[in-house]
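Engineer: Respectively, the protein sequence lines represent chains E and S. 1 is the number of the first residue of the first sequence in the numbering used here; add one for each residue after it. 1 is the number of the first residue of the second sequence in the numbering used here; add one for each residue after it.
No lab work stands behind these hints, which were simulated from the structure alone. Watch out, some of these pointers could steer you wrong.
If chains are identical, the list can't say which one is meant, so a pair holds when it fits in one copy or spans any two.
[Stated by the list, open to error] Here are the simulated DSS-like pairs of lysine-lysine, each with C-alpha atoms no more than 27 Å apart in a straight line: (1) K44 / K143; (2) K132 / K44; (3) K55 / K143; (4) K132 / K22; (5) K143 / K191; (6) K55 / K132; (7) K143 / K22; (8) K132 / K190; (9) K191 / K89; (10) K89 / K190; (11) K44 / K22; (12) K132 / K15; (13) K191 / K15; (14) K55 / K22.
Number of protein chains: 2
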Amino acid sequence: MVDRIILASASPRRKEILEMLKLRFEVIPSEAEENIDMETAPGKYVTELALMKAKEVKDRLEARGEDLSHTVIIGCDTVVCYDGMIIGKPPDDVHAALTLGVLSDSWHSVYSGLALWHGDVCEAGAERTDVKFREISEREIWKYVESGEPRGKAGSYAIQLAGASFAERIEGDFYNIVGLPVSLFVRMLKKLGIDICDIAEY
Amino acid sequence: MVDRIILASASPRRKEILEMLKLRFEVIPSEAEENIDMETAPGKYVTELALMKAKEVKDRLEARGEDLSHTVIIGCDTVVCYDGMIIGKPPDDVHAALTLGVLSDSWHSVYSGLALWHGDVCEAGAERTDVKFREISEREIWKYVESGEPRGKAGSYAIQLAGASFAERIEGDFYNIVGLPVSLFVRMLKKLGIDICDIAEY
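Looking at chain E on its own, in the form it has when it is part of the complex:
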């Protein structure tokens, strides 16, 4: 039985994805520090971060004396990888433009880690989606960067906004790129004995 769902992330994209699935949930952003070694393999990296984020919220609520036995806590983390390197959020517009120049006309991978705590049981895993960008001109890159959209986005683009036309082909779960692998989410719930039909309100 589930009577409470908590998204341990402040990302508006992840919030939109859970809303799309018609879930009723609350947002309690994790305060976990992201201090995992960047040399870790990306799938392991995002899984560990997703776990840490969910665990930090769980520990915090339990320290307050809250009973979480019927609660699901969702932790997520997403990174973009190019040529073996993890590319995070751009520190400024120049780095965003450089990143998009590198991604243009080539393939990169997006990894999202997902961790679900249900009471004291946990499921965690990661999904990889490969993305092929079309050729993007310097002019288009700068116009996009100046729009502000790359700011705060791993890989400097948002596939669900004006960056949509960059991806000419993807292989994997689309929503994994946006920040939450929805199909894995439903399958992980099932492993925890939770049927999506019992929590989705449509």
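Since the structure of chain E is provided, determine the placement of chain S on it from the hints.
Structural biologist: Only chain S this time, still in chain E's reference frame:
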């Protein structure tokens, strides 16, 4: 030079995609009759329908004496294919449930045709995206069908709404499944001599 963009489709999904690309456009739904032989290969089928839809709007406006030399008219059509058969919109809830039962735990293909008229020059083509559905229980199918979401949707699902979690993997352009292959759109504009930077308002 482009001073007017017309979407020859009443589909709210296609409208949303063009809005996402920050285009300023008007909607003039095509009144073309969809009388193409269903035996036609799907890529050819959607390309021909997209062409017919755009052409009907072009002819109608020209008959009124409008000058379309700086206008782009966009025609689109999308179908879902399973095992060589074209699956259209479900006529009722029972057909929607049957369709989803067939698509569960297997692959299908989505074809979108796109036709662009710019003055008297035309570009047309189609994209295919392959989609793998996870296993969906009978209970989940009926809950989804009863929500009304499958109505009016080719293949009886909406990947950009609650149907998102059905697709565990896609191979191709995501927006092609929603109804308008955005990357092909930008590349076709380029062939017509139009830079997306000159028409996108971001």
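Engineer: Hint by hint, say whether it matches the structure.
Structural biologist: Taking the hints in turn, this is what the structure says about them:
1. K44 / K143: Answer is neither: 35 Å inside a copy and 35 Å across each miss the 27 Å cutoff.
2. K132 / K44: Answer is both: 23 Å inside a copy and 25 Å across each meet the 27 Å cutoff.
3. K55 / K143: neither (40 Å within a copy, 32 Å between copies)
4. K132 / K22: Result: close only across copies, 22 Å inter versus 30 Å intra.
5. K143 / K191: between (45 Å within a copy, 20 Å between copies)
6. K55 / K132: The answer is neither: 34 Å in one copy and 32 Å across copies each exceed 27 Å.
7. K143 / K22: between (35 Å within a copy, 12 Å between copies)
8. K132 / K190: Classified as between: cross-chain Cα gap 19 Å, same-chain 32 Å, threshold 27 Å.
9. K191 / K89: Neither, since 32 Å and 33 Å both go past 27 Å.
10. K89 / K190: Classified as neither; 32 Å inside a copy, 30 Å across copies.
11. K44 / K22: neither (29 Å within a copy, 37 Å between copies)
12. K132 / K15: This pair counts as both: shortest intra-copy Cα distance 26 Å, inter-copy 24 Å.
13. K191 / K15: within (23 Å within a copy, 38 Å between copies)
14. K55 / K22: Only inside one copy: K55 and K22 sit 24 Å apart there, 40 Å across copies, limit 27 Å.
Comparing the model with each earlier hint shows violations of hints 1, 3, 6, 9, 10 and 11; every other hint is respected.
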